[in-house]
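Peer 1: Single-letter residue listing:
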Amino acid sequence: MPSFFLDEQQIEFSQGESVLRAALRHGRDIPHYCYHAGFSVVATCRMCLVEITDMGNGRPMPKLQASCSTPAAEGMKVLSLSDKVRTAQNQVNEYLLVNHPLDCSICDQAGECTLQDVAYSYGSGLSEMNYEKRVYGWRDVGTYIMLERNRCIHCSRCERFSREVEGTSDFGMFLRSHELTFDTFEDHRIMHKFQGNLVDICPVGAITEREFRFKKRVWKLKKTESVCPSCSTGCNITIDHHRNHVERLKPRENQAVNRWWMCDEGRLGYRKLNARESRHLEPQARVKGKLEPAGWEAVYEAMANKIEEISAEGDAVLGIADTHATNEEMYLLKKLLADCFGGARAYFPFRPGTEPQTDRFLYTLITTDKSPNTQGAQAIGLLGDTDDTRLNSALAKGPKLVILLGMPCAGDKQVREAVSRAELIVLIATEKSAWDDVADIILPGLIYAEKAGTFTNKHRRVQRIQPAIAAPEHCREQCRIFVELREAMGQPLPLANARAVFEEMGGSDGPFGGLTWAEVGTLGVPLNGEKTAPAGA
Amino acid sequence: MTKFDKKTMTEVRALFKRYAVKVHALLPVLHLVQRENGGYIPEGWAHYVAELCQTTVNHVRGVITFYNMFRTEPPGKYHIMVCTSVPCGLCGGDKVLEHLEHRLNLAPGQTSKDGLFSLEEVQCLAACDKAPLIQINAEVHERVTYDQIDALIEEAYRKPA
Ligand code: SF4
Ligand code: FES
Ligand code: FES
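Chains as they are written, first to last, in our numbering: chain A, 1 to 537; chain B, 1 to 161.
Okay, chain A solo, but in the shape it has when bound:
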């Protein structure tokens, strides 16, 4: 591979790559505003200036060059820390502060503002511009975002995102020089489902999220890497939380899945994570027709006794999982039925959904399957049909014991009625649903932000979720519930946590065979032997 030198450090690049891009890939930072790997290069902010002392042919470039638009060349010698460069950086930043308000203390972006960071690390940290500033005001430009043009530094990222990535060209560049403004035209309102990305790419606090505005200083937030469960794409995200309260969800770059983006629907998924009223918060058992709260141990014991009493096996027992359950939970459900109930089987509603057929990658992110793990259920071997044929015929045999994982087919009255005829109905769920009226025992589980596990996305890529916030006191991880239940039944399965379950799945044949927890890592891997299509390919 050809290489060049950046401040003495050797950096490899691929043909045609810019100095900045190659440097960033190697973990080197050259300050920049307008450059974003997701769309075209315009080289307007002039923040990424570098000194080129040797173009690779022994001759220097007389002037500083914008590293975002200068292709790297073999043997090139680039300085990004020299005095000349520092002075330039300092001055460029100073000019950006001519009109930018120094209101960091009341700005939502403070703490994750590129301008602020650069002002402190490359600039003087102060502005000497005590002239009158250009003043606009807040503009309500979209259903999801607000615009404060005073803070805009004219990088044009929003305009390029709107035109090249999203495609509606909502943002435009109007007027010029001192009056130049990035804005929507007059009272045009942005309506599309990807507005949150504008907030992410805006390097300053000009575009902010309505939902998050003025709620939390960002440096208080802890970020936990996870996966969005709001549809089968499984965009990589971070859960940003403070004191057990989730404040927002942000996309995390994964070129094989969502690149840099995610949709607003997914972002709004954060609301549910803090909800308590809609959740099951303690185990419950039906006593004389009424659900009563009960302790975990008592419930397990009662269940084990009842199971022994019914002593059902095979077709007389069945499990139904919904596709919000993790791979590990589905695996444990399947295993429980197979091991302890004479080969009983688990079913799931198979609703694979569709992905929009479009050239705009961004729009392929939102699928119609609003659950994260349909492919996982399929891969693990739960039985499912798009019209639930097999489930219905299994129910027609009149099972005595039904174990529900999540809220599968909760809206299907026929299924609910068929299940209700069983002698014991165990519901392992996080949320209240129509199943509550049917269940004999309710075991409260954890939502995805509270537990570890893996989901398999629409392209059969296995991706990991991690606990971000603490669960309500009396709720327990679904994997743990399966393990404890088996213990109560006298058929223990020594798997301590989701990771142990995954390693066991990886140790056996089948689609998960050969995969390890570590290998899944933070970016995921395709199912055994498969190649998932890289994003946009």
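Some hints here could point you the wrong way.
[Stated by the list, open to error] To list a few chain A residues with every Cβ distance to chain B over 10 Å, as calculated:
id : residue
1  : Leu81
2  : Arg217
3  : Leu221
4  : Thr367
5  : Pro467
6  : Gln491
[Stated by the list, open to error] Distance windows between CB atoms, simulated:
id : chain 1 : residue 1 : chain 2 : residue 2 : range
7  : B       : Asp94     : A       : Asp29     : 43 to 49 Å
8  : B       : Glu43     : A       : Arg210    : 25 to 31 Å
9  : B       : Arg18     : A       : Glu164    : 25 to 31 Å
10 : A       : Pro101    : B       : Asp94     : 25 to 31 Å
[As the list claims (entries may be wrong)] Here's a subset of chain B near chain A, in silico, CB distances under 8 Å, partners left out:
id : residue
11 : Thr56
12 : Asn58
13 : Arg61
14 : Thr65
15 : Cys91
16 : Ala156
Quick caveat, the hints were computed from the structure, so don't treat them as lab data.
C-beta atoms are modelled at their ideal positions from N, C-alpha and C, and glycine is treated no differently.
We have chain A already, so just place chain B with the ligands on it with the hints.
Peer 2: Just chain B with the ligands now, with coordinates in the frame of chain A:
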């Protein structure tokens, strides 16, 4: 009607032939729009031009607002442009502007109620050696004095039609 007539369309097609891609003809096409609409570009035309030149509406609006010579409001019958760039400024361009503001009771960017005059502050008109200068519609008046300006205005009042 927000649409070129047949004759203008022939001109547009001739313009398109001169450029590799249609969007490159955006500036001359906008000049045609302005010509056909009595000196300004009504908002509705941005959509039409965007379609014609195969670009986005906001790109067209961006170009219209970028260039001084495109106007989005109807100008007066006499559109007076006053240069205040450096050479003219040094020779009294600002005073010329001020004088006109008082005489016409208009601020730059405004059009008089009777639609006779509109005033605009502009950048260099490329005749700096003859500063200070003003341009009325297509006509440039060099090294203007207050008296000259007053005479021009009187003349305009005299033959408003
Ligand atoms: S609003 Fe933000 S993204 Fe858009 S040009 Fe201004 S600084 Fe850049
Ligand atoms: S990042 Fe290179 S000029 Fe803006
Ligand atoms: S400065 Fe007025 S014409 Fe050039």
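Peer 1: Hint by hint, say whether it matches the structure.
Peer 2: To see whether the hints hold, each was checked on the structure:
1. Leu81: Check passes; 37 Å lies beyond 10 Å.
2. Arg217: Given a closest Cβ separation of 34 Å, the condition holds.
3. Leu221: Holds: least Cβ distance 34 Å, greater than 10 Å.
4. Thr367: 28 Å, holds
5. Pro467: 44 Å, holds
6. Gln491: 65 Å, holds
7. Asp94/B - Asp29/A: 43 to 49 Å: 46 Å, holds
8. Glu43/B - Arg210/A: 25 to 31 Å: For Glu43/B and Arg210/A the Cβ distance comes to about 28 Å; the hint holds.
9. Arg18/B - Glu164/A: 25 to 31 Å: 27 Å, holds
10. Pro101/A - Asp94/B: 25 to 31 Å: Holds, since Pro101/A and Asp94/B (Cβ atoms, about 30 Å apart) stay within the stated range.
11. Thr56: Holds. Min distance 4 Å.
12. Asn58: Constraint on Asn58/B satisfied, holds at 3 Å.
13. Arg61: 6 Å, holds
14. Thr65: 4 Å, holds
15. Cys91: At about 23 Å, which exceeds the 8 Å cut-off, the nearest Cβ of chain A leaves the hint on Cys91/B violated.
16. Ala156: 30 Å, violated
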